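Undergrad: Sequence:
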Amino acid sequence: ISANVDWNAQAQNTLNEKLRRPQNTNVAKNIIFFLGDGMGVSTVTGIRIYKGQKAGNPGEETILNMDKLPYTGLAKTYNTDRQVPDSAATATAFLSGVKTNWGTIGVDQTLPRFQCEGLEQAKVPSIFKWSQDEGKNTGFVTSTRITHATPSVAYAHAGDRYWENDKPETGSCPDIARQLIENEVGKNLKVALGGGRSYFTPKTLVDPEVNTTFGRRSDGRNLIEEWKQVQQNMSRRAEYVWNKQQFEAVNPQNVDYLLGMFAPVHLDFELDREETMSQPSLKDLTAKALDILKKDNKGYFLMVEGGRIDHAHHSGNAKRSLADGAMFDEAIGYAKDNTDQSDTLIIVTADHSHTFTIGGYPSRGNDLFG
Numbered sequence: 001i002s003a004n005v006d007w008n009a010q011a012q013n014t015l016n017e018k019l020r021r022p023q024n025t026n027v028a029k030n031i032i033f034f035l036g037d038g039m040g041v042s043t044v045t046g047i048r049i050y051k052g053q054k055a056g057n058p059g060e061e062t063i064l065n066m067d068k069l070p071y072t073g074l075a076k077t078y079n080t081d082r083q084v085p086d087s088a089a090t091a092t093a094f095l096s097g098v099k100t101n102w103g104t105i106g107v108d109q110t111l112p113r114f115q116c117e118g119l120e121q122a123k124v125p126s127i128f129k130w131s132q133d134e135g136k137n138t139g140f141v142t143s144t145r146i147t148h149a150t151p152s153v154a155y156a157h158a159g160d161r162y163w164e165n166d167k168p169e170t171g172s173c174p175d176i177a178r179q180l181i182e183n184e185v186g187k188n189l190k191v192a193l194g195g196g197r198s199y200f201t202p203k204t205l206v207d208p209e210v211n212t213t214f215g216r217r218s219d220g221r222n223l224i225e226e227w228k229q230v231q232q233n234m235s236r237r238a239e240y241v242w243n244k245q246q247f248e249a250v251n252p253q254n255v256d257y258l259l260g261m262f263a264p265v266h267l268d269f270e271l272d273r274e275e276t277m278s279q280p281s282l283k284d285l286t287a288k289a290l291d292i293l294k295k296d297n298k299g300y301f302l303m304v305e306g307g308r309i310d311h312a313h314h315s316g317n318a319k320r321s322l323a324d325g326a327m328f329d330e331a332i333g334y335a336k337d338n339t340d341q342s343d344t345l346i347i348v349t350a351d352h353s354h355t356f357t358i359g360g361y362p363s364r365g366n367d368l369f370g
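UniProt numbering puts the first residue of the sequence shown at 1, with every later residue one more than the last.
These are computed hints drawn from the structure, not numbers from a lab.
One thing to keep in mind: the hints can contain errors.
[Said to hold, decoys possible] When the alpha-carbon atoms are kept at most 30 Å apart in a straight line, the in silico BS3-like pairs for lysine-lysine are as follows:
(1) Lys123 x Lys76
(2) Lys99 x Lys54
(3) Lys187 x Lys18
(4) Lys228 x Lys68
(5) Lys99 x Lys18
(6) Lys187 x Lys228
(7) Lys68 x Lys123
(8) Lys136 x Lys228
(9) Lys294 x Lys319
(10) Lys295 x Lys136
(11) Lys283 x Lys136
(12) Lys123 x Lys18
(13) Lys244 x Lys298
(14) Lys295 x Lys129
(15) Lys244 x Lys187
[Unchecked claim] Distance ranges between label pairs, derived from CB positions:
(16) Gly365 x Gly118: 52 to 58 Å
(17) Leu15 x Glu169: 52 to 58 Å
(18) Lys18 x Gly365: 24 to 30 Å
(19) Leu19 x Ser42: 29 to 35 Å
(20) Gly333 x Gln245: 40 to 46 Å
(21) Val41 x Val210: 35 to 41 Å
(22) Lys298 x Glu182: 34 to 40 Å
(23) Lys298 x Gln121: 51 to 57 Å
(24) Glu274 x Asn211: 20 to 26 Å
Every value quoted in this text rests on a predicted model; they were computed, and no experiment measured them.
Heads up, the beta-carbon is just placed ideally off N, CA and C, and yes, glycines get one too.
When you get a sec, could you build the whole thing from the sequences and use the hints?
TA: Below is the structure:
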């Protein structure tokens, strides 16, 4: 560790930079909302150290792309009925502005979880609808399945986050996958990229890539084919892709609506993706989404979810979580470098924290994984 750091000069430079920064009072034409699922303060610290050590440094001194944003704050997170929130209710809160019950999607707290009756009266619109009403382009990318808790709030309303395909318990309420195809907000999304294609296909249909996996739908519907038909009926330049080669072949100048699902369920953890390179990275997905959304002058709203940061933490797998976090930060860096801060607002946040701590007083440069 270098002993030649001039800490006073470093502090003065940071202060001068803050003082020189002009206040941007423009109205944002574009918004990119980055959501690190489960990415609490301790996880951000871990990502910082992990990313720095991968570059051959001690790690603690690393400055992430998200660290370079001009303003920093903290948010309180809770549900109307739970002290610790889940991703469905938090997504409802940050996308609609309304806190709600644990495990519910796009509804207010008048609807108890697991209940279908009363759904219509409890629905709350999301910023995706508001943006579409203003004529803006909208889209999302995620490393989870596209019917999962966070992305589903963009276009769906449900009494339970797991009503992702047709199940008996959904009753007369449409499942989340159906709502992507049938709801106005869902069918008008310009970009929806992630995993979860098995939730859109019938149980009799084998997955095109994983021949031991079949669809999950009991109603016999192939919602992917229905999406293609809906877009064709509206004379739209639309494309569906399910592998990396197809994704890379998409020319954003020739495609206005892009649906991509690159796994039967979730995308691979970043550490596993790096081994096979069979799926696009979160940075790749973000880049393609931006190329499509920013083609015209209407403005856009894009949500980017690093959803598997959370999943790895649930399994107590710190290395996979931090690797996904590092890729999430790469996507942030790409967005910062390829947009104009004068008209584009970039927000990075988490929906909740997670069980991740660094124990004791380890030495600088200590390996986080032992």
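Undergrad: Hint by hint, say whether it matches the structure.
TA: A quick look at each hint next to the structure:
1. Lys123 x Lys76: OK: Lys123 and Lys76 at ~23 Å, within 30 Å.
2. Lys99 x Lys54: Status violated; Cα separation ~39 Å.
3. Lys187 x Lys18: With a Cα-Cα distance of about 43 Å, the restraint between Lys187 and Lys18 is violated, given a limit of 30 Å.
4. Lys228 x Lys68: Judged against 30 Å, a Cα distance of about 40 Å means the pair is violated.
5. Lys99 x Lys18: violated, 34 Å
6. Lys187 x Lys228: holds, 10 Å
7. Lys68 x Lys123: violated, 37 Å
8. Lys136 x Lys228: holds, 22 Å
9. Lys294 x Lys319: Violated - the C-alpha atoms of Lys319 and Lys294 are around 34 Å apart, more than 30 Å.
10. Lys295 x Lys136: Holds, at about 11 Å.
11. Lys283 x Lys136: holds, 22 Å
12. Lys123 x Lys18: violated, 42 Å
13. Lys244 x Lys298: With a Cα-Cα distance of about 29 Å, the restraint between Lys244 and Lys298 holds, given a limit of 30 Å.
14. Lys295 x Lys129: holds, 20 Å
15. Lys244 x Lys187: holds, 23 Å
16. Gly365 x Gly118: 52 to 58 Å: holds, 56 Å
17. Leu15 x Glu169: 52 to 58 Å: holds, 57 Å
18. Lys18 x Gly365: 24 to 30 Å: holds, 28 Å
19. Leu19 x Ser42: 29 to 35 Å: Hint holds: Cβ distance 30 Å, inside 29 to 35 Å.
20. Gly333 x Gln245: 40 to 46 Å: violated, 25 Å
21. Val41 x Val210: 35 to 41 Å: Once the Cβ atoms are compared, 37 Å apart, the range 35 to 41 Å for Val210 and Val41 holds.
22. Lys298 x Glu182: 34 to 40 Å: violated, 24 Å
23. Lys298 x Gln121: 51 to 57 Å: violated, 32 Å
24. Glu274 x Asn211: 20 to 26 Å: holds, 24 Å
Of the hints listed earlier, those the structure fails to meet are numbers 2, 3, 4, 5, 7, 9, 12, 20, 22, 23, in rising order.
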